[in-house]
Amino acid sequence: MADVAIAVRTYLLNQSAVTDLVGTRVWTDIIPQGGTLPAIQFSKLYTRHDHTLSALAGVAHARLQFDCKADRAAGGRLKANEVAEAIRESGIIAQKGVVADVDIRGARLEEGQRNEIEYAVDGSDDHVYVTSLDLEIDYLESI
Amino acid sequence: MALTGDTGNGATLTLALFSGTVAITAALDPIEITPGAITVDPVDVSTLATTGNEESIPGDLAKLAESSASFKWMTAGTKPTLPSGAGTCTITFPLRTGETTAATITGTGFLTNLTPPPLGNGQLQVGNVSWKWDGDTGPTITAAS
Numbered sequence: 001m002a003d004v005a006i007a008v009r010t011y012l013l014n015q016s017a018v019t020d021l022v023g024t025r026v027w028t029d030i031i032p033q034g035g036t037l038p039a040i041q042f043s044k045l046y047t048r049h050d051h052t053l054s055a056l057a058g059v060a061h062a063r064l065q066f067d068c069k070a071d072r073a074a075g076g077r078l079k080a081n082e083v084a085e086a087i088r089e090s091g092i093i094a095q096k097g098v099v100a101d102v103d104i105r106g107a108r109l110e111e112g113q114r115n116e117i118e119y120a121v122d123g124s125d126d127h128v129y130v131t132s133l134d135l136e137i138d139y140l141e142s143i
Numbered sequence: 001m002a003l004t005g006d007t008g009n010g011a012t013l014t015l016a017l018f019s020g021t022v023a024i025t026a027a028l029d030p031i032e033i034t035p036g037a038i039t040v041d042p043v044d045v046s047t048l049a050t051t052g053n054e055e056s057i058p059g060d061l062a063k064l065a066e067s068s069a070s071f072k073w074m075t076a077g078t079k080p081t082l083p084s085g086a087g088t089c090t091i092t093f094p095l096r097t098g099e100t101t102a103a104t105i106t107g108t109g110f111l112t113n114l115t116p117p118p119l120g121n122g123q124l125q126v127g128n129v130s131w132k133w134d135g136d137t138g139p140t141i142t143a144a145s
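Line order of the protein sequences matches chains A and B. For the first sequence, position 16 matches number 16 in the numbering used here, and the numbering has no gaps at all. For the second sequence, position 15 matches number 15 in the numbering used here, and the numbering has no gaps at all.
Everything labelled a hint here was simulated from the structure, so no lab data went into it. Glycine is no exception: its CB is placed at the ideal position from the N, C-alpha and C atoms. Hints may be right or wrong, so weigh each one.
Label pairs and their in silico Cβ distance ranges [stated by the list, open to error]:
(1) A:D134 to B:L61: 55 to 63 Å
(2) A:G34 to B:E32: 50 to 58 Å
(3) A:L109 to B:T140: 21 to 29 Å
Calculated from the model, a selection of chain B residues having no Cβ within reach of chain A, i.e. all distances over 12 Å [claimed, not checked]:
(4) P30
(5) A62
(6) K72
(7) T90
(8) G138
(9) A144
Footprint (simulated), chain B over chain A, 3 or more residues, beta carbon under 8 Å [claimed, not checked]:
(10) 25-32
(11) 120-130
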């Protein structure tokens, strides 16, 4: 079954501005242990469905959170910001049409850049800098 | 005691209209249906001999307010044109457990409003339509069975 999160991942992996920074390291839900940074970890926060009185209306809206991660060796905060910016300027917000079998009807930047740090647990200062942003994607669903 | 009551999910709306000599049957995919109120004005029959409360009797004729519905707008298909001739309008209630025939409100009427949808980011395209029962036939509220 086509999934909007997978479709967005497919879209991003076709954008050189993104792959120049992270290669194919666009992970759903979690970056594998020991995974190379910088990388993008994203998850689906929720999905809203429009309804008519008889059924689903056929339009749904999914909110995706993108966490762009870079440790000091990978460029730290500046690199994490750069990856987030690449997502924002990838053209996803102007995307309208079928991607990986999902008909995307619109995309909006719902929450812009916000910064966090994942502190090293080994007592070192090799922290992971996380720059996050949220997109809400409108797409057609089967009814 | 058995639980009763229902929501609006499953209700349908059909507007069969005549535009000139052309019959247009529009089975809409509604999101919300708002039937208009059927009201009667009271007639004050108080006299100088009346004491205590004002006395009233019902007027002779019921007033029929406009009904309206919002619906998922489809870009395919011909939309009704206004002014339109009268036709039969039917609101069908959801069928409840144990019923075989759903309740309806039906009567003749004519369109008074057709509003195409606002177009905005992230918004389902929703149109609006209003109609006036013309009082020629109905409106009749028929119970479910």
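So, going through the hints one by one against the coordinates:
For the hinted restraint 55 to 63 Å between D134 of chain A and L61 of chain B, the CB-CB distance of approximately 57 Å keeps it satisfied. Under the hint 50 to 58 Å, the C-beta atoms of G34 of chain A and E32 of chain B, about 53 Å apart, fit the expected range. Evaluation of the 21 to 29 Å hint for L109 of chain A and T140 of chain B yields a failure: the beta carbon distance comes to about 52 Å. Interface exclusion of P30 of chain B from chain A breaks down, the closest Cβ pair being 5 Å apart, not more than 12 Å.
Distance to chain A confirms A62 of chain B as a non-interface residue, since its nearest Cβ pair spans about 27 Å, more than 12 Å. Not every C-beta of chain A lies more than 12 Å from that of K72 of chain B, the closest at about 5 Å, which undercuts listing it as non-interface. The non-interface label for T90 of chain B is consistent with chain A: the shortest C-beta to C-beta separation is roughly 14 Å, beyond 12 Å. Look at G138 of chain B: its CB is around 22 Å from the nearest CB on chain A, clear of 12 Å, so calling it non-interface holds up.
Non-interface call for A144 of chain B relative to chain A: holds, since the shortest CB-CB distance, roughly 17 Å, exceeds 12 Å. Coverage of the segment 25-32 of chain A by chain B is violated in this model, with 0 residues showing a Cβ closer than 8 Å to a Cβ of that chain against a need of three. Only residues whose C-beta sits within less than 8 Å of a C-beta in chain B count toward coverage, and the segment 120-130 of chain A has 0 of them, not enough to reach three; the restraint is violated.
The structure shown violates the earlier hints numbered 3, 4, 6, 10 and 11.
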